[in-house]
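A.B. asks: The working numbering puts the first residue of the sequence shown at 1, with every later residue one more than the last.
None of these hints come from the bench; they were simulated from the model.
Here the structure is a predicted model, which is why all the values come from computation and not from measurement.
Any given hint might turn out to be false.
[To be verified] Label pairs and their computed distance ranges (CB to CB):
id : residue 1 : residue 2 : range
1  : V157      : V33       : 49 to 59 Å
2  : G103      : Y223      : 28 to 38 Å
3  : I86       : T169      : 21 to 31 Å
4  : E109      : P161      : 20 to 30 Å
5  : S93       : V33       : 52 to 62 Å
[Stated by the list, open to error] When the alpha-carbon atoms are kept at most 25 Å apart in a straight line, the in silico SDA-like pairs for lysine to any residue are as follows:
id : residue 1 : residue 2
6  : K165      : V80
7  : K186      : D127
8  : K186      : K205
9  : K205      : R104
10 : K105      : E232
11 : K105      : V157
12 : K105      : F214
13 : K105      : L128
14 : K186      : V157
15 : K105      : K16
16 : K186      : P83
17 : K105      : T173
18 : K16       : L40
19 : K205      : V187
20 : K205      : V80
21 : K165      : F214
22 : K165      : A177
23 : K186      : R146
24 : K205      : K16
25 : K165      : R225
Ideal Cβ placement from N, Cα and C applies to all residues, glycine included.
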Amino acid sequence: MPQNDASFLQSLSRQKTVTAICQAITGWMTQGVLTHNDRLPAERILSEQFATTRITLREALGQLEAQGMIYREERRGWFVSPPRIIYNPLQRSHFHAMAREQGRKPGTEVLDAGEIEAPEAICSHLDLPARGRVFRIRRVRRIDGRAVLYVEHYLNVAFFPAILKEDLTSSLTELYANRYGIRYGKVRFDMLPTTFPLAASQALKVADNSPALFITRINRDQYARIIDCDLEYWRYDTLHISVEAE
């Protein structure tokens, strides 16, 4: 048999195996053998079970991950993805309220918070002079215990004196209103696919250069003043963005 024909047959056989693995794992989910956030058997066990190589197995797992059906955490393994959270950027809500309205359990972890000299891009977003001062708050947001979002909040220090002494695991939206009398007005959203920066991948326990959805939000208050901006890095398989506009 010519070498190119042999390579073609090997490739065809591998693709059949990949398809069979995907169908089998999908069947486990459909039948309830595996449910949301359940861990899949270890790759060694799966490769033995399907009588295939790790390379072929990972190709199948990668296809299921691309479809948002499973996700991977570094040093922990593969898990069944829960339903996506529906995210409407036009709604004037906040993360905790959005999750609870959909019957999900939200959580927030503060990684660090402090006053810093703003990077050039942040100064531009907040309409600050070069080397302006901002409060930076870095947080991880969770849904049903799963870390889904790494976010960096940059706040204009002029509007939020002593905010770093507050409970920063709570909603900033509610804190702004209750403590400072500031409510969100207009907001600008920019969204683009990208990969996680190192800080985000470490916080979310994903592999370096994993795909992410990057959302930049620049917020004005009820007086049209730019008050803060958020740099959000979402696990791409966790969101269903739904917008209805007239």
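A.B. asks: Now tell me, hint by hint, if it's right for this structure.
C.D. replies: Hint check results:
no.: 1; hint: V157 <-> V33: 49 to 59 Å; in the structure: 53 Å, holds
no.: 2; hint: G103 <-> Y223: 28 to 38 Å; in the structure: 36 Å, holds
no.: 3; hint: I86 <-> T169: 21 to 31 Å; in the structure: 23 Å, holds
no.: 4; hint: E109 <-> P161: 20 to 30 Å; in the structure: 25 Å, holds
no.: 5; hint: S93 <-> V33: 52 to 62 Å; in the structure: 36 Å, violated
no.: 6; hint: K165 <-> V80; in the structure: 38 Å, violated
no.: 7; hint: K186 <-> D127; in the structure: 15 Å, holds
no.: 8; hint: K186 <-> K205; in the structure: 33 Å, violated
no.: 9; hint: K205 <-> R104; in the structure: 21 Å, holds
no.: 10; hint: K105 <-> E232; in the structure: 19 Å, holds
no.: 11; hint: K105 <-> V157; in the structure: 31 Å, violated
no.: 12; hint: K105 <-> F214; in the structure: 23 Å, holds
no.: 13; hint: K105 <-> L128; in the structure: 37 Å, violated
no.: 14; hint: K186 <-> V157; in the structure: 19 Å, holds
no.: 15; hint: K105 <-> K16; in the structure: 39 Å, violated
no.: 16; hint: K186 <-> P83; in the structure: 30 Å, violated
no.: 17; hint: K105 <-> T173; in the structure: 18 Å, holds
no.: 18; hint: K16 <-> L40; in the structure: 21 Å, holds
no.: 19; hint: K205 <-> V187; in the structure: 30 Å, violated
no.: 20; hint: K205 <-> V80; in the structure: 16 Å, holds
no.: 21; hint: K165 <-> F214; in the structure: 28 Å, violated
no.: 22; hint: K165 <-> A177; in the structure: 16 Å, holds
no.: 23; hint: K186 <-> R146; in the structure: 30 Å, violated
no.: 24; hint: K205 <-> K16; in the structure: 32 Å, violated
no.: 25; hint: K165 <-> R225; in the structure: 23 Å, holds
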